[in-house]
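Input sequences plus hints: build the corresponding full structure.
Number of protein chains: 2
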Amino acid sequence: MADTLILHEDPRSGNCFKIRLTAALLGLPLAVRGYDIMKGETRTPEFLAQVNANGRIPVLQIGEGPAARFLPESNAACWYLAHGSALIPQERFAQADMLRWMFFEQYNHEPNVATLRFWLRFVGEGNLSAEQRAQIMAKRMAGCAALELMDKHLAQHAFFCGAAPTLADIALFAYTHVAEEGGFGLGDYKAVQAWIARVETLPGFVPMD
Amino acid sequence: MADTLILHEDPRSGNCFKIRLTAALLGLPLAVRGYDIMKGETRTPEFLAQVNANGRIPVLQIGEGPAARFLPESNAACWYLAHGSALIPQERFAQADMLRWMFFEQYNHEPNVATLRFWLRFVGEGNLSAEQRAQIMAKRMAGCAALELMDKHLAQHAFFCGAAPTLADIALFAYTHVAEEGGFGLGDYKAVQAWIARVETLPGFVPMD
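Protein chains in written order, with our numbering: chain A, 1 to 209; chain B, 1 to 209.
Heads up, a few of these hints could be off.
Said to hold, decoys possible - Below, a list of computed lysine-lysine pairs in the DSS-like style, where the Cα atoms sit at most 27 Å apart:
no., chain 1, residue 1, chain 2, residue 2
1, A, K39, B, K139
2, A, K139, B, K139
3, A, K152, B, K39
4, A, K152, A, K190
5, B, K152, B, K139
6, B, K152, B, K190
7, A, K39, B, K152
8, B, K39, A, K139
9, B, K39, B, K139
10, B, K190, B, K139
11, A, K139, A, K152
12, A, K39, A, K139
13, A, K139, A, K190
I should point out that these hints are in silico values taken from the structure, not numbers from a laboratory. Bear in mind the structure is a predicted one, so any value in this text is a computation, not a measurement.
Shown next as structure tokens:
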């Protein structure tokens, strides 16, 4: 019998959505436990001791009781779920190239595109610290550079690793399709727009909310 | 015959060192082509067109001539090199857990520990922009939090994924062992220090310089 899968999440988080979308595309049952990160619910002593010492969501819980295992980092959780499926290419270069886009997402895309959405939509510009405000312009430019690189690549390929969707598409879709909530206009990125539409029509697709 | 492997690198970069260390531990021959990122040598039209449209190193080149393929992102390049080796656990959870630490490295560790080293050691504090200076304190705190999380984990485990080294150790070793160049004292992190010594005595280990 397969292990119970439980996602510890905040439904407003694109990182959590990646895991729900992966499970949905694969037809895997996934229970969810909600936390409100704005209220510090992932920084309680219980959460830090039992779920993630890093105080962050998402965390994928595999199994229940004393044998439960906990997997932080959204892209690692997607990797676990997609084990042995067509969402992970098996060919050596293709697999490494998929991970390349997933590391790009965490390093070049998420800290800019997702962070500005979090700051502007959820924290509110008036509540930002001076240090945060000083970073807006740099994050705006870096986020646009990431979107432009994606657009150039997607002008030549239906999905990030070729003709079929992989975890790279799921990872990059999560915050790209809501980038306008962070003040990024997608109008200039025609190939990104067409790719968003392709992802949204995949069999089993579920929306973020 | 195996493909020629060429690393496009700047030898001062910990991200490049990860790939050299992986190849050394595996006994794989690796040619190198050097660039000086301080002189913009990875932003030339030739580099952007032929090696990496993202203008960054490291890039692992696999093969030569028209069939050459290029793999950016240090952790993805390490994944390619270590394919089928003991540096990647094959068990489903262990493999995902290794990737978890590699994504942690790119999101929580590198932007803090490596960026402060780059700013303070190579750019020079006096040459930083006001925006960069405003971020130093936040990066210091986030970097210390990453080191503390590593220290707690390593107090219980010889390596990040248990008794044997994996790519997670290589990825996290690269900037941790030179963290003092970014102003991070490692004196408080005894388990991290012991782990650094364990990595440095692995068969085939090569130093950064």
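- request: Hints the structure violates: just list their numbers, smallest first.
  value: none
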